[in-house]
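Construct the entire structure; sequences and hints are all you get.
Protein chains: 2
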Amino acid sequence: MFNTKMSGLALALFTSLICCSLALKSPNESLPNIIIMLMDDMGWGDLGVFGQPSKETPNLDAMAAQGMLFPNFYTANPLCSPSRAALLTGRLPVRNGFYTTNAHARNAYTPQEIVGGISKDEILLPKLLKEKGYTSKLVGKWHLGHRPEHLPLNNGFDEWLGSPNCHFGPYNNIGRPNIPIYFNSEMVGRYYEDEFVIDGKTGESNITMMYLNESMEFILRQSKAHRPFFLYYAPDATHAPVYASKKFLGKSQRGVYGDAVMELDYSVGVILSWLKQLGIDQNTFVFFTSDNGAALYAAKEGGSNGPFLCGKETTFEGGMREPAIAWWPGQIEEGTVSISSHLRNELMAVRLGLYKAHYWTWSNSWQEFNSGINFCPGQEVINVTTHEQRDHTLQPLIFHLGKDPGEKYPIRVLSSEYRDALKSISPIVEQHQKTLVPGAPQLNMCDLAVMNWAPPGCDKIGKCLKGPQSAPWKCEWPH
Amino acid sequence: MFNTKMSGLALALFTSLICCSLALKSPNESLPNIIIMLMDDMGWGDLGVFGQPSKETPNLDAMAAQGMLFPNFYTANPLCSPSRAALLTGRLPVRNGFYTTNAHARNAYTPQEIVGGISKDEILLPKLLKEKGYTSKLVGKWHLGHRPEHLPLNNGFDEWLGSPNCHFGPYNNIGRPNIPIYFNSEMVGRYYEDEFVIDGKTGESNITMMYLNESMEFILRQSKAHRPFFLYYAPDATHAPVYASKKFLGKSQRGVYGDAVMELDYSVGVILSWLKQLGIDQNTFVFFTSDNGAALYAAKEGGSNGPFLCGKETTFEGGMREPAIAWWPGQIEEGTVSISSHLRNELMAVRLGLYKAHYWTWSNSWQEFNSGINFCPGQEVINVTTHEQRDHTLQPLIFHLGKDPGEKYPIRVLSSEYRDALKSISPIVEQHQKTLVPGAPQLNMCDLAVMNWAPPGCDKIGKCLKGPQSAPWKCEWPH
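Line order of the protein sequences matches chains A and G.
Using this note's numbering, the letters of the first sequence correspond one by one to residues 1 to 479.
Using this note's numbering, the letters of the second sequence correspond one by one to residues 1 to 479.
Be aware that one or more of the hints could be misleading.
The list cannot tell twin chains apart, which means a pair is met if one copy fits it or any two copies do.
[To be verified] With a straight-line Cα cutoff of 30 Å, these simulated DSS-like cross-link-like pairs (lysine-lysine) come out:
1) Lys408 - Lys201
2) Lys224 - Lys474
3) Lys276 - Lys247
4) Lys466 - Lys434
5) Lys300 - Lys408
6) Lys120 - Lys276
7) Lys408 - Lys251
These aren't lab readings, by the way, just hints derived from the structure by calculation.
Please read all numbers here as calculations on a predicted model, not as lab measurements.
Following this line, the structure appears as structure tokens:
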């Protein structure tokens, strides 16, 4: 059971192409800087330019007007870790190991107790860029494994400020530790402690501002040194528990989630202005997107997927289609909209042109659904948003995403439209399945001993915790 | 049973204010021209600027960028005739008579067999404007009654090209006549006949182009004569059966509906260019909106209501919230977004600030629903999109439209948020009910004899038909 799509991948490919095709020139200064801004659980419909009705994103809307807007951009996976692994490796999660073969598990990621992480055999984008003289920094969430060998500085990045896992918590540091914040290869504190507090009642936290300042400092330093850089800006304020700084709290029309969107929009605006101010905007390629669709089950702590069906953790459009903007003054023409007809494929669902075929459907399990967790609230579509994993491999459900972006009206199986669409899709699926070499699954085994008890540097700040003896088990995912 | 909202009304008020406040100046040339562009069944989510994913509306998006976009604009009613009556009278349908007291009838309009129409006691916008020296023209659909006394030229308009009813058909002219097309006060043909054909198979028709040409001719003539004008541009190509001209057929990603949107978007672009070319753009107030939300039950012949719940014929946001743009170079600042907190009220539902209280819920009847007509496809929300008319007057359902524009999560009745919201809303509802004086209902009686058998002018073109004897009955509406 796995699922993957092509466009997060296409971005990785594209950025390495930019650098490699331009690398023929010298000196290094001619190499463009690269900034990837990856939002966390932000949905397609959260941008004003994609229809958010209360218009929280004037800076992103302006970025789209100055650059290229992608209304058809897909993530490689509707969940955080596999999506991020695909973005940085340019390879499908089933290839780079970010999947699980445990029974009934589809949406696996890297919680604290996960044993696996990014394989040393994978070549991440910053490693490729380093060969061309780039300095790379991650600001924000990693999520490709938190054991030492999996961390950013062991996988191509030169610098890092951020956390290895999601900012879940607070924990009591006994049953499980709070998530650490790293500065480069050592921890400097933990979420919910000291300066990394997120107020559980109000949602107040200064972390987005901290990430913004760190990004600006890095850009300034590289710019002054005339060194090409790659900044992977991955703030997590829109992932539940959502947070925003005091200045933004209460400013939106939809609670802390909207406030967080406004603060991130503000941050994007500041970064783009900073590039202009430093005179490097014409030499910096900036790409904005999100790791997966809005988490509809998070209700008021979740965002909007606009007109699309369901959200995060589903392979419906709401889970896979992402807001995306490319910005590069002088290189990308203002106000362009790219409607790509690029092939994207997966085994849960395949999109070819405007047709999308679902080979398996599932929103979430009956057990989970009956406990109140709904991936498609107010959107139950008969036979589509199913609560058992339903096999349609012999006769996939097919939708026309142009006429029906909400995936509500399956094309009649006996129609010639269905027959023709399937005839185009089938050989591509067969070819994909024939040539696919799965990687070793990284998300099968869990162990309390591997949690963030004593990350490097914890001794210097008196934050080391004692964890339990190793006792690995086969991870059980929510489904 | 009735329902009404304030903003279509507010527009009528606003336009009469423009003219009256400026009327103190003379000569007449200082009076601004007024164009109201009213689309038919076009939804909030059909504009690129509001999130339509395949970007069919570059001209409307540009109009929004040059003018003022209203993300919170409401129609007075989720159905054509009452919405249009409210727009032109500035009065709630329950006041101007565009409602019915027949049992189980909520969504009543003016089909061919309707006996009623706009009352002679109502003062329509063009009548007010005439006092100030304006010439007024309707291009497109009227829908305020088709008997002679109800027609546009008897209600303030000076000119008209268009039809009195919806372009349903084709009919055999025996059981019921095809809908006539009028030029001023006489018919010049019928839909589905001669030059007014709509091809049932392909959806091809030249009617949108005919309406565009007629509008341009009128603007040119008034401009040359230096006479202030009011153009009510009301094309109907996005109302099922949808149609587009050959040039646009197959151009969109979602069938003839999208093609029709593209042709109307093109038409809007041409009209705005025409104003510039004639040098009168700085003296012309243009307002673009739609009569009600997209008809979701029309499936592929219907549009998109973006993130909102349900559509046409419902008082959920999908039925009531409309795309809206004001454009007036030199008077309206570019790129403004108005988030109005204006009071809008109704007895089905009331919006106050960001809270919306439903006093009655209903999508459509079980009978209709079970026959396959779904007003909220893929959006059944328990207790909200009900199929019986459910009375919540003692304890309304309340939603926060900022946090929850899709009306999926009613606020808990026992919460202080609910209590506070209701405390603000209740006195306004009481006040409204106390002061309301209902008009005589126009939509109660039907009669085959009043259909368009022999409209004025039919003799000149040999199109008179013989209708049956009068035999009025109490209209039975679909619900």
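Cross-check of the supplied hints:
Taking the shortest Cα distances, Lys408 and Lys201 sit within 30 Å of each other only across copies (24 Å), while inside one copy they are farther apart (38 Å). When the C-alpha separation of Lys224 and Lys474 is checked against a cutoff of 30 Å, the pair qualifies neither within a copy, at 49 Å, nor between copies, at 82 Å. For a Cα distance limit of 30 Å, the shortest separation of Lys276 from Lys247 inside one copy, 25 Å, qualifies, whereas the shortest one across copies, 43 Å, does not. Taking CA atoms no more than 30 Å apart as the test, Lys466 paired with Lys434 passes in neither setting, with 47 Å inside one copy and 70 Å between copies.
Taking identical chains as interchangeable, the C-alpha atoms of Lys300 and Lys408 lie at most 30 Å apart whether they share a chain (24 Å) or sit on different chains (11 Å). Taking the closest pair of Cα atoms, Lys120 and Lys276 never come within 30 Å of each other, the shortest separation being 37 Å inside a single copy and 63 Å across copies. In this homomeric assembly, Lys408 and Lys251 come within 30 Å of each other (Cα to Cα) only across copies, at 22 Å, whereas the closest approach inside a single copy is 35 Å.
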